[in-house]
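*Asks:* Listed here are the chains, written in short residue letters.
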Amino acid sequence: SAVISQKPSRDICQRGTSLTIQCQVDSQVTMMFWYRQQPGQSLTLIATANQGSEATYESGFVIDKFPISRPNLTFSTLTVSNMSPEDSSIYLCSVDEGTKAYNEQFFGPGTRLTVL
Amino acid sequence: GEDVEQSLFLSVREGDSSVINCTYTDSSSTYLYWYKQEPGAGLQLLTYIFSNMDMKQDQRLTVLLNKKDKHLSLRIADTQTGDSAIYFCAETPRNDYKLSFGAGTTVTVRA
Chain S
1 SAVISQKPSR DICQRGTSLT IQCQVDSQVT MMFWYRQQPG QSLTLIATAN
51 QGSEATYESG FVIDKFPISR PNLTFSTLTV SNMSPEDSSI YLCSVDEGTK
101 AYNEQFFGPG TRLTVL
Chain X
1001 GEDVEQSLFL SVREGDSSVI NCTYTDSSST YLYWYKQEPG AGLQLLTYIF
1051 SNMDMKQDQR LTVLLNKKDK HLSLRIADTQ TGDSAIYFCA ETPRNDYKLS
1101 FGAGTTVTVR A
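Residue numbers (our numbering), protein chains in the order written: chain S, 1 to 116; chain X, 1001 to 1111.
Watch out, some of these pointers could steer you wrong.
BS3-like, lysine-lysine: derived pairs with alpha carbons at most 27 Å apart [unchecked claim]: (1) X/Lys1098 / S/Lys65; (2) X/Lys1098 / S/Lys7; (3) X/Lys1056 / S/Lys100; (4) X/Lys1098 / X/Lys1068; (5) S/Lys100 / X/Lys1067; (6) S/Lys100 / X/Lys1070; (7) S/Lys100 / X/Lys1098; (8) S/Lys7 / X/Lys1036; (9) X/Lys1036 / S/Lys100; (10) X/Lys1068 / X/Lys1056; (11) X/Lys1098 / X/Lys1070; (12) X/Lys1036 / X/Lys1068; (13) X/Lys1036 / X/Lys1098.
Note that these hints are calculated values from the structure, not bench results.
Generate the whole structure from the sequences, applying the supplied hints.
*Replies:* Here it is in structure tokens:
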């Protein structure tokens, strides 16, 4: 199974600044995703990170606020731009190796973001 | 998570069985999943069930699926302190790779 690391593991940021979160996988994977988990709530899919092209965003999420890069099959970044306290959340990267009939997603440990 | 609903909390005594329930609305769901999230960690896939099955057993875990009522449950036999975690129910609609998660059930195992 894929092993995923995320950096940073946590951060405290000031309102109006931006933070870039990195996701590194130990193998090449077909699909990479970014989720947000707000305090006490479920996971919400932000976007699918596409290698070599623009990410596919879910309803309610836009590229200007959450720019995503995926330069290769093992790495992706998510930037949270112009942050406000409402962006305080855990941000999770996940991958699907695409080798099974069912959707087995492996998740990174998450980045805990607090915006003051 | 609005399409997948779970109760939020469950407290169980060590050694007893835990049953976590989930309801979903998408009748086209092909697979349903249970994920576990331990404190400070990412989610880990515990088990899954294909929509044409009604039961799946994997060691201490039993998944029951009632497709007519769109109800999924996870039973953990002989619950241990290491089973304390948040358990998420999730579904995949047909021909889609996206996972739709419930809000998660926090299971607390007491001695």
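*Asks:* Hints first: check each against the structure and report whether it holds.
*Replies:* Results for each hint:
{"no.": "1", "hint": "X/Lys1098 / S/Lys65", "verdict": "holds (21 Å)"}
{"no.": "2", "hint": "X/Lys1098 / S/Lys7", "verdict": "holds (24 Å)"}
{"no.": "3", "hint": "X/Lys1056 / S/Lys100", "verdict": "holds (18 Å)"}
{"no.": "4", "hint": "X/Lys1098 / X/Lys1068", "verdict": "holds (23 Å)"}
{"no.": "5", "hint": "S/Lys100 / X/Lys1067", "verdict": "holds (23 Å)"}
{"no.": "6", "hint": "S/Lys100 / X/Lys1070", "verdict": "holds (24 Å)"}
{"no.": "7", "hint": "S/Lys100 / X/Lys1098", "verdict": "holds (14 Å)"}
{"no.": "8", "hint": "S/Lys7 / X/Lys1036", "verdict": "holds (22 Å)"}
{"no.": "9", "hint": "X/Lys1036 / S/Lys100", "verdict": "holds (20 Å)"}
{"no.": "10", "hint": "X/Lys1068 / X/Lys1056", "verdict": "holds (17 Å)"}
{"no.": "11", "hint": "X/Lys1098 / X/Lys1070", "verdict": "holds (19 Å)"}
{"no.": "12", "hint": "X/Lys1036 / X/Lys1068", "verdict": "holds (26 Å)"}
{"no.": "13", "hint": "X/Lys1036 / X/Lys1098", "verdict": "holds (18 Å)"}
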